[in-house]
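Novice: Per my numbering, residue 106 is the first one in the sequence shown, and the count goes up by one each step.
Simulated from the structure, these hints should not be mistaken for laboratory data. None of the values given here were measured: they were computed from a predicted structure. All the given hints hold, so there is nothing to weed out.
Beta-carbon label-pair distances, calculated as ranges:
#1 609 to 548: 22 to 28 Å
#2 364 to 609: 21 to 27 Å
#3 195 to 292: 20 to 26 Å
#4 293 to 495: 50 to 56 Å
#5 400 to 195: 22 to 28 Å
#6 277 to 558: 28 to 34 Å
#7 406 to 427: 23 to 29 Å
#8 416 to 605: 35 to 41 Å
#9 494 to 292: 42 to 48 Å
Taking lysine-lysine and the DSSO-like style, the derived pairs with C-alpha atoms no more than 27 Å apart in a straight line are:
#10 269 to 291
#11 230 to 304
#12 230 to 306
#13 486 to 498
#14 498 to 594
#15 177 to 269
#16 411 to 427
We put the CB at the ideal spot given by N, CA and C, even for glycine.
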Amino acid sequence: MAAKVFFKTLVFFLRFLLKRLRNPRPLYRKGNAHAPTSKLQRYPSLIRPRSNLLTGLADQTLLLDLEGALLKSSTFPYFMLVAFEAGGLLRSLLLLVLYPLICCVSDEMALKVMVMVSFFGIREKGFRVGRAVLPKFFLEDVGLEGFEALERAERRVVVSELPKVMMEGFMGDYLEVGAVVGRELKVVGGFYVGLMEEKNKVGLELKEMFGDGKMGGDVVGIGSFKRCVDQQFFMHCKEIYLVTEADKRNYHPLPRHRYPKPLIFHDGRLAFRPTPMATLSMFMWAPFGFLLAIFRALVALLLPYKLSLLILSSSGMRLRFKRPNSSTLSNLEKEHPKGTLYVCNHRTLLDPLYLSTILDRPLTAVTYSLSRLSEILAPIKTVRLTRDREEDKNRMEKLLWQGDLVVCPEGTTCREPFLLRFSPLFAELTDNVVPVAMNVHVSMFYGTTAGGLKCLDPLFFLMNPFPCYDVQLLEKVPMDSMGGEVGGKSRFEVANHVQGQMGKALGFECTQLTRKDKYLMLAGNEGIVPTVSKPLRK
Numbered sequence: 106m107a108a109k110v111f112f113k114t115l116v117f118f119l120r121f122l123l124k125r126l127r128n129p130r131p132l133y134r135k136g137n138a139h140a141p142t143s144k145l146q147r148y149p150s151l152i153r154p155r156s157n158l159l160t161g162l163a164d165q166t167l168l169l170d171l172e173g174a175l176l177k178s179s180t181f182p183y184f185m186l187v188a189f190e191a192g193g194l195l196r197s198l199l200l201l202v203l204y205p206l207i208c209c210v211s212d213e214m215a216l217k218v219m220v221m222v223s224f225f226g227i228r229e230k231g232f233r234v235g236r237a238v239l240p241k242f243f244l245e246d247v248g249l250e251g252f253e254a255l256e257r258a259e260r261r262v263v264v265s266e267l268p269k270v271m272m273e274g275f276m277g278d279y280l281e282v283g284a285v286v287g288r289e290l291k292v293v294g295g296f297y298v299g300l301m302e303e304k305n306k307v308g309l310e311l312k313e314m315f316g317d318g319k320m321g322g323d324v325v326g327i328g329s330f331k332r333c334v335d336q337q338f339f340m341h342c343k344e345i346y347l348v349t350e351a352d353k354r355n356y357h358p359l360p361r362h363r364y365p366k367p368l369i370f371h372d373g374r375l376a377f378r379p380t381p382m383a384t385l386s387m388f389m390w391a392p393f394g395f396l397l398a399i400f401r402a403l404v405a406l407l408l409p410y411k412l413s414l415l416i417l418s419s420s421g422m423r424l425r426f427k428r429p430n431s432s433t434l435s436n437l438e439k440e441h442p443k444g445t446l447y448v449c450n451h452r453t454l455l456d457p458l459y460l461s462t463i464l465d466r467p468l469t470a471v472t473y474s475l476s477r478l479s480e481i482l483a484p485i486k487t488v489r490l491t492r493d494r495e496e497d498k499n500r501m502e503k504l505l506w507q508g509d510l511v512v513c514p515e516g517t518t519c520r521e522p523f524l525l526r527f528s529p530l531f532a533e534l535t536d537n538v539v540p541v542a543m544n545v546h547v548s549m550f551y552g553t554t555a556g557g558l559k560c561l562d563p564l565f566f567l568m569n570p571f572p573c574y575d576v577q578l579l580e581k582v583p584m585d586s587m588g589g590e591v592g593g594k595s596r597f598e599v600a601n602h603v604q605g606q607m608g609k610a611l612g613f614e615c616t617q618l619t620r621k622d623k624y625l626m627l628a629g630n631e632g633i634v635p636t637v638s639k640p641l642r643k
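Using the sequences provided together with the hints, build the complete structure.
Specialist: In structure tokens form, the structure reads like this:
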């Protein structure tokens, strides 16, 4: 009898959990007796172009609810990103295990549980996730309709129940929001203790911000039904518009070209939005993926090129190669006193290995910050540069006399469809330069990092189920365009020419950003560089 009751209880719990996973708890409850329905209007304005709300915000202050009116999905993935990127594998696994409990408790308690698991014991000074990782996922989750209302307002204030440290970097750097009102995390001895300030402090901050007409002009509030109960949010608004769950389902994603500031750099290992089901799939794949990555690495290191290429292809790795035309092939086959200098854009540490595999010949790769472990395991010769211009030039010239050389003049990797500034040093070495355009596609893990262990980059790349590389050999740079030739161009013009040639082949945008800009942005020291495409050098 007891076993029968236990079995029925287990079945009921599993059905309840499955229902929650398919249809998460809405952010509001209809028919709430405390909702100030006399002041509220429906919220068709963000999804019907004929509404006059957008035209009436030009001289007003907009008070926007982040979760209820701007983001399309739930907040669980953002806490999972904090847990995984800042806390590690075990912390993120604990958060996933607690997800059924999070679905069963109240919204406030669920938030406290996620904050405790994600932040407890994290060092405050070294917390980079809010600026380096989360903005990418926030931007992908922004609804176009909510964004259009936000960008029309003269003064913008965003209110959120998320900890301020998670969203203020995104709001200030990418959405240009003037004020962000959120809950602060408590810190003891330089570490987060996983506790937030009480909600009433958010209300006091709003009161101080809007009291006595300090903002100027009328205040328009846009939020969800959940915010209806929060009188502290709506009491400052002359007009109030509500977003229902049905409205949010009709939201369109914000196109990349509409981003107020382009997303060029971001960090973190996860290449997917870690929803509960996606995170569960990742943990189920991880043990097998780790063994598969070791197998792929051993095959690439120990077996001949042609045999390893066949085995790696059968393991799920993809390599798409676009061959050059006949004139380029004939130019490559011509004898030259020096080796060929292959100039590549930089996507991962494996760029030279894929090029060597395609050409079926050993190459020498020059690097700046390759880890010692990667140098030891590399199946091709690697030479470390010093960042001293004359010394590096002499080293690369000696290597070219010994054979073919691969160089990545960007100096660092870039995940997004942008090309960083090319160092012009390669244009002074030889007139036998062949540009190589590369692109990478991953579905689970990024094979690059700015703040993590670089020695693990190849492992994470190889753990992807179906990693794919696109490689294009481009036209050889004409000899008369090289610096030092009669009528030739300067080394800066040659570098810009090669960068533009690659950008056109890949469909990427050329920028003048550098390795230094990347690390400053991801560290959050100097914010976001205001422009993307600065004028090319003369």
